[in-house]
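One line per chain: the protein sequences are A and B, in this order.
This note's numbering puts the first residue of the first sequence at 722, with every later residue one more than the last.
This note's numbering puts the first residue of the second sequence at 722, with every later residue one more than the last.
None of these hints come from the bench; they were simulated from the model.
Every residue, glycine too, gets a C-beta built ideally from N, C-alpha and C.
One thing to keep in mind: the hints can contain errors.
As the list claims (entries may be wrong) - Okay, the calculated bits of chain A under chain B, using three or more residues with CB under 8 angstroms as the criterion:
1. 736-742
2. 755-766
3. 815-823
4. 872-878
5. 885-896
Unchecked claim - Facing chain A, according to a computed beta carbon distance under 8 angstroms, are these residues of chain B, among others:
6. Ile730
7. Val794
8. Gln835
9. Ala840
10. Ile850
11. Ala851
12. Glu855
13. Gly872
14. Val878
15. Leu887
16. Leu890
17. Pro892
18. Leu899
19. Pro906
20. Leu908
21. Arg918
Protein chains: 2
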Amino acid sequence: MPRVTEQYIQRRRQEILEAAGRCFARDGFHATSMDDVIDAAGVSTSVFYRWFRGKDELVIATVTDVLRGMVVVLDDILEVDPPPPLADAVERVLAATLTRMTRDGHDTTALAVQVWTEALRNPEIHQLIAHCYEQLRDRLAELIRRHQALGAIPAEVDPRMVARPLFSLFPGFVVQRLLLGPEDPKLYAQAAQALLRA
Amino acid sequence: MPRVTEQYIQRRRQEILEAAGRCFARDGFHATSMDDVIDAAGVSTSVFYRWFRGKDELVIATVTDVLRGMVVVLDDILEVDPPPPLADAVERVLAATLTRMTRDGHDTTALAVQVWTEALRNPEIHQLIAHCYEQLRDRLAELIRRHQALGAIPAEVDPRMVARPLFSLFPGFVVQRLLLGPEDPKLYAQAAQALLRA
């Protein structure tokens, strides 16, 4: 396949995912049809179905796209030695995810709470989120381990346990942002910094 | 009205709210009918409609019941001087709410994420949750203010800002408990204690 065509097709896939994110965030997973997404993405039906055979596949790809993005930010952070303060790491993940989910004036952060509700009745979505959340918590545990080595967090506590309240800063941010109004990742992280040891 | 009858009617109201919580948690707000709740509560239609004229009213009463319970725990904590560690306060709120939401072998914690999704499309529910969440954050800010007076948290930070990441420990607990498996408030709070200054 010539390189330009491959790039073109990849770009179309990303456009479909972003359109799907907008439709799902606005109308919910159940009220969104494939045709809604095809219209919003401005692609042909044949291009769409080359990538996604059904709605479940599209929902999974949309959610995976966001969550993988969060894991990648933490992987980058773990490359740095000494590790940044925990609140800085949280800020970078939130800022990157928020930039991605508020692109072009469309706010798709409502996807987060919709996907939690969906996970309660759809085992495949549940499994996907559980897997990605475990990955995020594993990365946070590794970051905590490094802060323990520096003496900033007590050595005797289990880093995987400490990763849980730290992880809470992500869903907590989104819930407060959606229900109580705009929330700035930088101010939120500064406040977390005042609260956290490391 | 004779006292015994008044007590009886109040108890029926609480039974209806608990039955509603079970139905909503299991089937969601939209898939639950008034008859489902009347059946689950084992009350007569006339007793039910004495309390709740419609589903919106029932949803609001069910959600208010849980959230008011959280505020009351924090009000009790604020009576104590010197203030308990922040992680202890979080544990007491979570433990009390979890006890209330897992009574008689029924786990209704899924209500939390369902109500977030519902708030995105129902302005009345949105307003109710925003109001209760503001109350919770106000109480946390007051607790933080007291820890600032003790020197445990930097005096120059705004306690209302610091209340935000602290508040995140509540939705973060519920999201992880629902999606990643059982979570014990005591272990979670111990881990938070290792993470927090105060």
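*Under 8 angstroms, Cβ to Cβ, is where proline 892 (chain B) needs to be relative to chain A, so tell me if that hint holds or is violated.*
This interface hint holds because 4 angstroms falls under the 8 angstroms limit.
_Given a cut of 8 angstroms on the nearest C-beta pair, is the interface hint for valine 794 (chain B) held or broken against chain A?_
Violated. Min distance 18 angstroms.
*asked:* Quick check on isoleucine 730 (chain B) please, does its C-beta sit within 8 angstroms of some C-beta on chain A?
replied: Check failed: Cβ of isoleucine 730 (chain B) comes no nearer than 33 angstroms to chain A, outside 8 angstroms.
*Answer holds if the nearest beta-carbon of chain A is closer than 8 angstroms to that of leucine 908 (chain B); otherwise answer violated.*
Holds, about 6 angstroms.
*Interface restraint verdict for valine 878 (chain B) against chain A (beta-carbon cut-off 8 angstroms)*: holds, 4 angstroms
*asked:* Min Cβ distance, leucine 887 (chain B) to chain A: is it shorter than 8 angstroms?
replied: holds, 6 angstroms
_The hint names leucine 890 (chain B) as touching chain A; please verify it with the least Cβ-Cβ distance against 8 angstroms._
Nearest chain A Cβ about 5 angstroms off; hint holds.
_Interface hint for alanine 840 (chain B), Cβ within 8 angstroms of any Cβ on chain A_ = holds, 6 angstroms
_Status of the glutamate 855 (chain B) interface restraint (C-beta, 8 angstroms, chain A)_ = With a minimum Cβ separation of about 7 angstroms from chain A (threshold 8 angstroms), the hint on glutamate 855 (chain B) holds.
_Taking beta carbons only, do three or more residues of the segment 872-878 of chain A come closer than 8 angstroms to chain B?_
Coverage by chain B holds for the segment 872-878 of chain A (3 residues, Cβ < 8 angstroms).
*Given leucine 899 (chain B) as an interface hint, is the shortest Cβ-Cβ distance to chain A below 8 angstroms?*
Result: holds, 7 angstroms to nearest chain A Cβ.
*With chain A as the partner, please determine if proline 906 (chain B) meets the hint condition of a C-beta pair closer than 8 angstroms.*
violated, 11 angstroms
Taken one by one, the earlier hints fail for this structure at numbers 1, 2, 3, 6, 7, 13 and 19, listed in ascending order.
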